[in-house]
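**Student:** Given next are the chains, with one letter for each unit.
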Amino acid sequence: MNPNVNAPDHQINLDISDELEVAGDVEALIDHLDRLLLAETMPDPMRQAIADWIELIPLDDGGTRRVTEAIALVVTSPEFAVQR
Amino acid sequence: MKNTPVSRRRLLAGAARLTLGSAGLYATLGSMNLVRALAASGVGDYRALVCVFLSGGNDSFNMLVPRSDDEFAIYADTRRNLAMAQRDILPVTALTPDGAEYGFHPGMSAVQQLFEDGRLAVLSNVGSLLEPVTRSTISNSIANLPKQLFSHNNQSAFWQRLGEPSSVTTGWAGRMADLLLGQVDNSPSMNVSLDGSNIWQTGSATLSYPITSDGAVTLRGIDPDSPDRATQVRSKSFMELLSNPGLYQGELGQIQTRAMETAATVDTALQGLTPLSTEFPGDKLGSALRTTAQMIQARDRLGVSQQMFFIVARGWDNHSDQLNTHPGLLSGLSASLNAFYQATQELGVADKVTTFTASDFGRTLTSNGDGTDHGWGGNQLIMGGSVNGGDIYGTYPLLNLDSDLDVGGGRLIPTTAVDQYGAELARWFANFSVGELNEIFPNLANFDQTPLGLIS
Numbered sequence: 001m002n003p004n005v006n007a008p009d010h011q012i013n014l015d016i017s018d019e020l021e022v023a024g025d026v027e028a029l030i031d032h033l034d035r036l037l038l039a040e041t042m043p044d045p046m047r048q049a050i051a052d053w054i055e056l057i058p059l060d061d062g063g064t065r066r067v068t069e070a071i072a073l074v075v076t077s078p079e080f081a082v083q084r
Numbered sequence: 001m002k003n004t005p006v007s008r009r010r011l012l013a014g015a016a017r018l019t020l021g022s023a024g025l026y027a028t029l030g031s032m033n034l035v036r037a038l039a040a041s042g043v044g045d046y047r048a049l050v051c052v053f054l055s056g057g058n059d060s061f062n063m064l065v066p067r068s069d070d071e072f073a074i075y076a077d078t079r080r081n082l083a084m085a086q087r088d089i090l091p092v093t094a095l096t097p098d099g100a101e102y103g104f105h106p107g108m109s110a111v112q113q114l115f116e117d118g119r120l121a122v123l124s125n126v127g128s129l130l131e132p133v134t135r136s137t138i139s140n141s142i143a144n145l146p147k148q149l150f151s152h153n154n155q156s157a158f159w160q161r162l163g164e165p166s167s168v169t170t171g172w173a174g175r176m177a178d179l180l181l182g183q184v185d186n187s188p189s190m191n192v193s194l195d196g197s198n199i200w201q202t203g204s205a206t207l208s209y210p211i212t213s214d215g216a217v218t219l220r221g222i223d224p225d226s227p228d229r230a231t232q233v234r235s236k237s238f239m240e241l242l243s244n245p246g247l248y249q250g251e252l253g254q255i256q257t258r259a260m261e262t263a264a265t266v267d268t269a270l271q272g273l274t275p276l277s278t279e280f281p282g283d284k285l286g287s288a289l290r291t292t293a294q295m296i297q298a299r300d301r302l303g304v305s306q307q308m309f310f311i312v313a314r315g316w317d318n319h320s321d322q323l324n325t326h327p328g329l330l331s332g333l334s335a336s337l338n339a340f341y342q343a344t345q346e347l348g349v350a351d352k353v354t355t356f357t358a359s360d361f362g363r364t365l366t367s368n369g370d371g372t373d374h375g376w377g378g379n380q381l382i383m384g385g386s387v388n389g390g391d392i393y394g395t396y397p398l399l400n401l402d403s404d405l406d407v408g409g410g411r412l413i414p415t416t417a418v419d420q421y422g423a424e425l426a427r428w429f430a431n432f433s434v435g436e437l438n439e440i441f442p443n444l445a446n447f448d449q450t451p452l453g454l455i456s
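First to last, the protein sequences are chains A and B.
Sequence positions in the first sequence follow the numbering used here and run 1 to 84.
Sequence positions in the second sequence follow the numbering used here and run 1 to 456.
Honestly, the hints are just simulated from the structure, not real lab data.
Since this is a predicted model, take the numbers as computed values, not measurements.
For each residue, glycine too, the CB sits at the ideal point set by N, CA and C.
Among these hints, one or two may not hold up.
Claimed, not checked - Just some of the chain B residues that point at chain A, by a computed CB distance under 10 angstroms: (1) Phe-238; (2) Leu-247; (3) Gly-250.
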């Protein structure tokens with residue numbers, strides 16, 4: 001179901017349920033975001049840099065922070081900004 | 001299913017903080033100039049121009065009002081329910097009499113005092129023009145007029161650009177910076193914006209450096225030198241993504257890196273300044289002017305000898321409820337301008353800083369019952385220690401409807417062009433040649449180029 005159906009005004013809810021399912025597996029999470037956001041073009045150094053950070057983030061919140069940090073790094077990267 | 005609530009605004013703001021968005025791109029040039037500036041020495045005679053843009057169109061014939069009996073009677077007859085009481089007008093005596101007496105809106109006692117002290121002047125009935133026009137050339141459709149008069153977007157852009165976007169792509173502060181950058185090699189972001197990117201400060205080779213009332217726009221949670229281990233790792237990962245070997249990706253990453261460095265430099269320059277004892281109003285305009293004063297205070301640390309600031313005050317489009325809304329806007333403007341002038345005195349640069357107002361347009365002299373609609377010519381304030389204050393420049397018009405200046409509803413044909421106003425400020429700001437002034441102000445040649453005498 002669209003998570004924004006009953007959302008308060010001025011709030012957008014990201015549906016990250018698919019990502020949360022793989023939050024415990026850093027490689028799988030990065031693979032998933034690579035496919036979703038970069039059409040499987042993510043360079044290895046970028047994978048490593050993202051992994052270096054997100055694997056330090058504990059899963060005690062169910063993985064939400066790890067997932068959102070991984071997404072943030074991808075979508076703010078020059079790799080994501082340049083359309084090919 | 002789990003959802004993460006993120007407000008749209010926070011999502012966008014967060015993205016902007018991480019990437020700096022367009023601000024990063026705009027900051028690039030500022031950064032390169034900054035590096036040059038820090039290496040340069042021997043800062044010359046400092047000058048600053050501060051534009052306070054009253055967005056929406058100020059009803060400025062209720063800001064400076066005729067108070068002598070005959071002129072007030074005409075004013076009151078035209079303005080009807082919007083006319084203020086004659087006894088409430090704060091009287092001033094202009095150094096150069098024109099036969100009438102004037103005064104400021106009752107909420108502007110600080111501006112009245114600045115005027116009486118010779119620190120503030122008024123330029124009356126100034127507006128967007130390409131060439132001198134009259135009611136008859138307009139009604140005969142032979143007048144060459146700026147496109148879309150009375151339109152917010154077009155006219156606020158015209159004030160900043162002084163031409164149509166098809167032929168003029170830059171703003172006049174940007175063109176000033178373009179010309180000065182060749183001469184003055186110490187200009188990190190000579191143009192500083194408190195309101196994001198704008199036309200006025202956009203040049204061909206120069207752009208504005210955007211800051212906020214909180215100072216430089218820095219990235220939250222990105223600090224490689226943080227004592228916090230998590231922040232260190234996060235920052236390292238973020239920076240590694242910026243050092244991308246790709247042709248375009250790498251260039252974008254470098255731009256972002258330089259923007260971060262510039263922000264850090266500006267941030268450092270603003271830290272540890274002697275706190276100003278002048279108190280500013282806590283509203284947006286007061287806060288923007290306080291930060292402007294601090295950027296002026298930091299001029300030596302920034303290595304700049306010339307600065308232009310762009311500040312926007314909003315809320316002036318008073319189609320309705322004007323009698324309740326406009327007085328607060330005018331008193332807020334008055335208090336903030338006064339605080340800023342006091343701060344420049346405190347910093348010992350009162351005669352080196354000139355502040356001026358601009359606005360989309362004046363408003364109809366007639367009332368729509370609850371407010372006013374979009375007009376044309378209007379009155380503007382010019383403040384500073386170098387301003388030949390205590391006087392009214394240009395021509396304050398008689399406010400009767402159907403006058404030779406009235407093109408309908410009390411929309412007045414400006415008697416001074418924005419080009420003439422800008423040229424007056426530019427002459428003071430830098431020693432521009434006549435040729436340069438005509439380059440900066442594309443319509444100036446169509447008007448009398450004798451200085452108005454506003455500043456010396």
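**Student:** If a hint holds in the structure, say so; if it does not, say that too.
**Tutor:** Outcome of the hint check:
For B:Phe-238, the suggested interface contact is upheld, since its CB lies about 7 angstroms from the closest CB of chain A, less than 10 angstroms. Among the interface hints, the one on B:Leu-247 holds; its C-beta lies about 9 angstroms from the nearest C-beta in chain A, closer than the 10 angstroms criterion. Annotation: interface hint on B:Gly-250 holds; nearest CB of chain A at approximately 7 angstroms, less than 10 angstroms.
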